[in-house]
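**Q** Letter by letter, the chains look like this.
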Amino acid sequence: MALITFTNKGIYCKQGDFYIDPWRPVDLAVTTHGHADHVKWGNKAYLCHELTKPILNQRLGADLNIQTLPYNEELSINGVKVSLFPAGHVIGSSQIRLEYKGEICVISGDYKVEYDGISTEFEPVKCHTFVSESTFGLPIYKWLPQDIVFQQIRDWVSDNHDKLKTSVLVAYSLGKAQRLIKNLAGDVPIYVHNSIANLNEGFIRAGVDLPETIRITPELKKEELQKGIVIVPPALADGKWMKSLQSAATGVCSGWMQVRASRRWRSADAGFALSDHADWPGLLSAIKATEAEKVFVTHGFVSTFSKYLNEIGIASEEVVTRYGNEEEEEKEILTKEA
Amino acid sequence: MKRFTELIQQLEMSNKTNDKIAALVDYFSTADEQDKPFVIAMFTGKKPRRPVTTALIKEWAIELSAVPAWLFAESYHSVGDLSETIALVLPPATYTSDRKLHEWINELAALNGKDDAAKKEYILKAWDSLDTQERFIFNKLISGNFRIGVSNKMLVNAISKQSNTESNKIMHSIMGKWKPEEITYQELIAGAHVNTDNSWPYPFCLAYALENEPASLSEPAAWQAEWKWDGIRGQIVKRNGELFIWSRGEELVTDQFPELHFLQEDLPDGTVLDGEILSVKDGNVQAFSILQQRLNRKTINKSQLNDAPIGFFTYDLLEYQGRDLRGETMAERRRLLEEIMSGLRNKDVAILSPVITFSDWDELAEIRKGSRENNSEGIMLKKLDSLYHSGRKRGDWWKWKINPYTVDTVMIYAQKGSGRRANFFTDYTFAVRDGEQLITVAKAYSGLTDKEIKEVDSFVKKNAIEKFGPVRTVKPELVFEIAFEGIAESKRHKAGLALRFPRIARWRKDKKAAEINTLDDLRQLLASTL
Chain A
1 MALITFTNKG IYCKQGDFYI DPWRPVDLAV TTHGHADHVK WGNKAYLCHE
51 LTKPILNQRL GADLNIQTLP YNEELSINGV KVSLFPAGHV IGSSQIRLEY
101 KGEICVISGD YKVEYDGIST EFEPVKCHTF VSESTFGLPI YKWLPQDIVF
151 QQIRDWVSDN HDKLKTSVLV AYSLGKAQRL IKNLAGDVPI YVHNSIANLN
201 EGFIRAGVDL PETIRITPEL KKEELQKGIV IVPPALADGK WMKSLQSAAT
251 GVCSGWMQVR ASRRWRSADA GFALSDHADW PGLLSAIKAT EAEKVFVTHG
301 FVSTFSKYLN EIGIASEEVV TRYGNEEEEE KEILTKEA
Chain B
1001 MKRFTELIQQ LEMSNKTNDK IAALVDYFST ADEQDKPFVI AMFTGKKPRR
1051 PVTTALIKEW AIELSAVPAW LFAESYHSVG DLSETIALVL PPATYTSDRK
1101 LHEWINELAA LNGKDDAAKK EYILKAWDSL DTQERFIFNK LISGNFRIGV
1151 SNKMLVNAIS KQSNTESNKI MHSIMGKWKP EEITYQELIA GAHVNTDNSW
1201 PYPFCLAYAL ENEPASLSEP AAWQAEWKWD GIRGQIVKRN GELFIWSRGE
1251 ELVTDQFPEL HFLQEDLPDG TVLDGEILSV KDGNVQAFSI LQQRLNRKTI
1301 NKSQLNDAPI GFFTYDLLEY QGRDLRGETM AERRRLLEEI MSGLRNKDVA
1351 ILSPVITFSD WDELAEIRKG SRENNSEGIM LKKLDSLYHS GRKRGDWWKW
1401 KINPYTVDTV MIYAQKGSGR RANFFTDYTF AVRDGEQLIT VAKAYSGLTD
1451 KEIKEVDSFV KKNAIEKFGP VRTVKPELVF EIAFEGIAES KRHKAGLALR
1501 FPRIARWRKD KKAAEINTLD DLRQLLASTL
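Protein chains in written order, with our numbering: chain A, 1 to 338; chain B, 1001 to 1530.
With the rest of the complex left out, here is chain B (with noise of 0.2 Å):
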């Protein structure tokens, strides 16, 4: 455990990459071995199941500590992290433990099943013989939220570097369905066990933004354009009989979208499709409000069905008759795909994404203006002889997207940020006019710089009206441009919609708050994307 933590001070004391790869590899070649795959599971975000509620911890924390219930919420709201303000609010421990990561892993499982006050006498034990930081990590491996900044692209690259091993395999290997405590460190690294489970998916190839005009890359003719779906990118894999959707997040989705359960029987053996999950109606993509419906449900009845229809639409192979085909150029991946697509018997459920055809930028330029007509997000550009690669590579495959919709609003709401912003008023609610009223339409936490958020820190803090605990209400001044990709209509909200990905797109010290935008302009853009 203090080798652990150890490697979590480091991780967080430095900004840069190059010093975290040096801490993950350090540690990967010291530390107990049984703790090793337990680190990998968690830092690639395999939970497991919670023992102890959260509503639990805190109840036990705050007895312990003897601070009033309204007081620990403070300290909460300060700090940003309930693992953490446990760890700092509770009493010095009296005495120390010497018990490893893995078995404190193991200890906390084994409490599953058993009462209350058993779990309580445990924890309670375990938080006095833990320092501050040690503390911490404890109350994290509860929670199994193990945010640290480590991608698993930097993960799979330390431990590729500490065992000599490509990092493409690595990826691979830890990539899918293991357990830590059923697996070595050696055993992980090497795949032993990649090539028994049929579910394997690929890393996804995935793309950068493209900040300039495509006239600064090469010839048109070198590129293939798509259109850039906005729904969940998934991989869609079968092997021997059995089907498998994956979700970008590493999710097997399978489950949920059975509409797609045809390609278990449509698709050849050692087929892997790399595609898009989208809402689709007669062969067409609808808004992404409507696949929302069914995103992250674990049951779907029959009106989800029929009123969020999913389709698949597919624009690249990985694996074809067994073979891996990502050493391949995008243009003969995307031969073999339309013979795939070609053979299935239901076309318009999994569908293969058109390619664009363009001759000059010019005219793709102009094409790409018409991306919000069939629900997409712009045009996807990939040169037509790359190769599939694992994460984000510079220069082979580039999102042109169209610009974000922008509203101007009023800030009538600050509150205290939390994470690296729990000092400052960092969060804020914003709102449009409709007639005499203000009515919140977003909330942001991100798009301004470090300067701007102290200069509308202090404003908050000189011009708060009201306070309601961690909330201050602001003078209604100050106008923020905010930028969405979305909108959907929503009975949760006051307003009745609600708008996605809204963030901070300009600070409009030029606007007066009697010019912001009015609620009827928004429901007139709801209107014109359903």
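Next comes chain A alone, as it looks inside the complex (with noise of 0.2 Å):
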């Protein structure tokens, strides 16, 4: 018998007999990371990465029933071995890697095979069934080397100071943010969104090493904000506080920004192919890496990465999910954080 089913609920494991990343709620939710769309509140239990929690903890209340695993441990769950891989995707991301009776699957949630600075890097695990995203599975999506990116920012933000614009980077307040935070540290002061600095705090709690930034309050001189670089959220890319600032700059960190067409479509000053999901070329690699016998694609590019994994002789399936929406989903949460 199969090790999970894809149900309306989410991904089931009835030997074991839990949920992983289940999108109604459920007993217990083994939980691959803290983005909204992979984990919902009103779950009786949840298993995570130790990393994760205080996610969870900030987004979903602090009074949840939380259990955390490190990388590479085992735990049984009703005689299924569940154990926790890194995904790479952001701080505390992680594969679920199930064993039973010597059948393997691993569910890798959200991942991207190159090192971000920030978030433990992907591991790949040998299975039998593996279960990928397809957020960027066409051959489109190659990304360049983080350093060059990260290069190209720093240069756009440099001229913009000389232009007296103020750098605003439009970025997912939980991930993206904080391997901004990393990486561009140093030269200039970098302000937070509330959403990204209540992360933050809970990340330095849980002793990740992230470097300081500045919240940004009403209190705060918008002239100061020219002088370092900006994060906010997309939610709010393009709300009051964004036009309330002098000649802004805003330019986009997501992979989506691969493309001019997206770039025009986000209406951005300046766009940057940032990703936290793999690319086309990691994507491949990260699934020849399994030797799995099959693969489920899940949200993403499904259809087309499905066939073309079945057409290079890797048995592959379509399935339907609730994952993916990572940006309205994130969305909602401001608005109840707000």
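Some hints here could point you the wrong way.
Stated by the list, open to error - Computed list of lysine-lysine pairs in BS3-like fashion (alpha-carbon distance at most 30 Å, straight line): (1) B:Lys-1046 - B:Lys-1016; (2) B:Lys-1002 - A:Lys-40; (3) B:Lys-1461 - A:Lys-9; (4) B:Lys-1461 - A:Lys-142; (5) A:Lys-142 - A:Lys-126; (6) B:Lys-1369 - B:Lys-1511; (7) A:Lys-163 - B:Lys-1100; (8) B:Lys-1347 - A:Lys-240; (9) A:Lys-142 - B:Lys-1511; (10) A:Lys-9 - B:Lys-1161; (11) B:Lys-1416 - B:Lys-1281; (12) A:Lys-240 - A:Lys-227; (13) B:Lys-1416 - A:Lys-142; (14) B:Lys-1416 - B:Lys-1347; (15) A:Lys-221 - B:Lys-1454; (16) B:Lys-1058 - A:Lys-307; (17) B:Lys-1161 - A:Lys-165; (18) A:Lys-243 - B:Lys-1100.
Claimed, not checked - Listed next, the stretches of chain A that the computed footprint assigns to chain B, with coverage defined by at least 3 CB atoms under 8 Å from CB atoms of chain B: (19) 134-144; (20) 257-264.
Hints were generated in silico from the structure; no laboratory data involved.
Ideal placement from N, C-alpha and C gives every residue a C-beta, glycine not left out.
Starting from two chains that each stand alone, build the complex the way the hints lay out.
**A** Here it is, written out as structure tokens:
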């Protein structure tokens, strides 16, 4: 019998009687990472990596029943061996490895293969069945090494500085923001939106080595911001506060910025193709490294990517899930927080 | 090439006209001298002969990137631009090249006439020496289709600012026949070539749409009213015995309209007429759908001349006895125009567009209601003391169009957009009812706000029935009011008719699919326009 099935509540492991990233309330939710499309409020218990816990406490509530597990340690649930391996997507993100009577299944959630300087580096795990995202599952998505992208961002910031413009980077509050902070810190002060500052505090308490940032408050003078880098989540990118900034230049940091049409769609002043998801070569190398006999493809270019895998001899199937709406769901969180 | 790539990036990075002009000024101040005329040619749509076909370019890109053809097609659909898709799917370059823009262009031109093997060798080598951004530019150089959001006006303003020259002169200078390999940037600015060419047209004066009632304008007596014709804007130039017909697209279309060639005899030298090319039968203007049969044809046969005869309704005079009249008032230009037109032998083909007499705005509004009866789109209002401007200037010329036709339809197909809408379902196909069936009548992709697009996009994702490549059939549920400018018979469409300029007027959330229009409604409308 298969180790996982795809149900209307999420990915279910019958032998262990628990769900992975369910979108409806269940008894036990094994959680890959803290993005809102992968973890919901209302489950009786959560199992996640120790660095995902501060995110859940911050976003879903302090009084949740959360059990944590470090990477590479095994826990038995109803006879199913459960362990977590780094997914490299955001801080705390994990691939969930399940083993039962010699059968191994890995649910990777969201992942990227390039080390980003702050999330534990992705680790390929051999398995029989692999569940993969396909957010950027087209051959047009090939990322430049992040050092090059960060240099582009630094150049852009210094150019804005010369033109007396305030550099505003648009990035998800969980993940991309910390990645930017870690890699851009040093030259100029970094100002962050509340939602980012709150998460950062949780991470720092949990022992993450995160450079210092300044929380944006109403008292902060707008002229001061111009000296540094401002980071805001996408939901705020076209809000009132942004308009109140004098001559702001906005730079969107997202894999979608690889394509000119998306850059124009976002009507940003600049787009940086910096993603926390694997690019096309990354997806293929990660999948091949698992040596899986069967690959389930979730959220993204599902049918295209799955068709391609089958063509190159990797048995694959499309799966409908509720994942992949990071942006919309993040917006909801921000509205609730506000 | 690097400098030009940088310019393109700067132009794309800002939505603000001032930023774009600043980037252009900076470019024309610092770029390679020989590159500049090529850039102007490119931005004004002067296309060199295409050295390699799209099919071959695509084939080589697929081969080199080792992706299956269907996956390349999916990628193209997501990107929405072939040059960019190719730039993105190719493997990374292995070396760099420092060739200048004009060197690339000249080398590409030199490929004409070579065999496919030689072309392939050259293109593959070029791709291997360029980064993604440069490759995109290079691919655009091959196709010649360089649409980058720089209007002629913007370009002219930038060059004018950079060279400290009057913008009218620059516009005049860059608007006609010159070859980037034969002219320098300085010569182009000076307009050295302008006087030597008899064909020079003037930049058209364009009108803004009047959104309010004309009562907001000044006294009726200060205005001249004419019909707003629904044809092709044209300029007829007669100098030194030669006749040239220009279309608004800055194209020379002289050969397409032999009916007008008698003007070579009849017009005095040094005359330039502004007006509308229309289908005219017995002095009456025909529907645009009839004129359409004559457009963009290389050869014209007898039956086309017979079925869709051409005429020219003229409403302005830009040059009189070799003198540039644009600095004269509308009233004075009209007086001289009437004088010129009265001298023609044949007054049924080249026709003086009549002035509509009216004493107050209410009376004119009443007259405007009858616009469709003479196949016009409404009324033009021109200030009698206005000069002839280059391009659009608010306040002197207004087009007061009648409301478009509308039809209520239901959406039945959706497709992801291209360009800036590449990842949303934004291109929809609409149908009307024909008995039990739904028959498609229009495809439209404009008219919704970004917010509405997102809403429709999510409806499509939830209600897709079938999938044909990029197209989804969706549950026929969303009703849209489609506005259009005209209707014509069409053998190519299942409905037997085609709408002109269809666009979404409104999303009729208040209507159900059962309440949409029928094919019979449209057939009746078609019959009434012919």
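**Q** Now tell me, hint by hint, if it's right for this structure.
**A** Comparing the hints with the structure gives:
1. A C-alpha spacing of about 25 Å is found between B:Lys-1046 and B:Lys-1016, which places the hinted pair at or below 30 Å, so the restraint holds.
2. Proposed proximity of B:Lys-1002 and A:Lys-40 is contradicted: the alpha carbons are some 48 Å apart, above 30 Å.
3. The hinted pair formed by B:Lys-1461 and A:Lys-9 meets the criterion: a straight-line CA distance of about 19 Å does not exceed 30 Å.
4. Annotation: proposed proximity of B:Lys-1461 to A:Lys-142 holds, straight-line Cα distance about 26 Å (limit 30 Å).
5. Between A:Lys-142 and A:Lys-126 the CA atoms are separated by roughly 24 Å; this keeps the pair inside 30 Å, and the hint holds.
6. Of the supplied pair hints, the one linking B:Lys-1369 and B:Lys-1511 holds, its CA atoms being roughly 28 Å apart against a limit of 30 Å.
7. Between the alpha carbons of A:Lys-163 and B:Lys-1100 the distance comes to roughly 29 Å, so the proposed pair stays at or under 30 Å and holds.
8. A threshold of 30 Å between alpha carbons decides the hint, and for B:Lys-1347 with A:Lys-240 the separation of about 62 Å lies outside it, so the pair is violated.
9. Taken as a hint, the A:Lys-142 and B:Lys-1511 pair is broken in the structure, with Cα atoms around 45 Å apart against an allowance of 30 Å.
10. A threshold of 30 Å between alpha carbons decides the hint, and for A:Lys-9 with B:Lys-1161 the separation of about 63 Å lies outside it, so the pair is violated.
11. Taken as a hint, the B:Lys-1416 and B:Lys-1281 pair is broken in the structure, with Cα atoms around 43 Å apart against an allowance of 30 Å.
12. The hinted pair formed by A:Lys-240 and A:Lys-227 meets the criterion: a straight-line CA distance of about 21 Å does not exceed 30 Å.
13. For the given pair, B:Lys-1416 sits about 22 Å from A:Lys-142 by alpha-carbon distance, which is consistent with the 30 Å threshold.
14. With a C-alpha separation of about 51 Å, the suggested pair B:Lys-1416 and B:Lys-1347 falls outside the 30 Å cut-off, and the hint is violated.
15. Taken as a hint, the A:Lys-221 and B:Lys-1454 pair is broken in the structure, with Cα atoms around 36 Å apart against an allowance of 30 Å.
16. Taking the CA atoms of B:Lys-1058 and A:Lys-307, the gap is about 21 Å. The hint holds against a cut of 30 Å.
17. Straight-line distance between C-alpha atoms of B:Lys-1161 and A:Lys-165 comes to about 24 Å, which keeps the hinted pair within the 30 Å bound.
18. For the hint linking A:Lys-243 to B:Lys-1100, the alpha-carbon distance of about 41 Å lies beyond 30 Å, and the restraint is violated.
19. Remark: the segment 134-144 of chain A is confirmed as covered by chain B, as 5 of its residues place a Cβ nearer than 8 Å to a Cβ of that chain, reaching the required three.
20. Given as covered by chain B, the segment 257-264 of chain A passes the check, having 7 residues with a CB less than 8 Å from a CB of that chain where 3 are the minimum.
The structure fails to meet hints 2, 8, 9, 10, 11, 14, 15, 18 from the earlier list, while all remaining hints are met.
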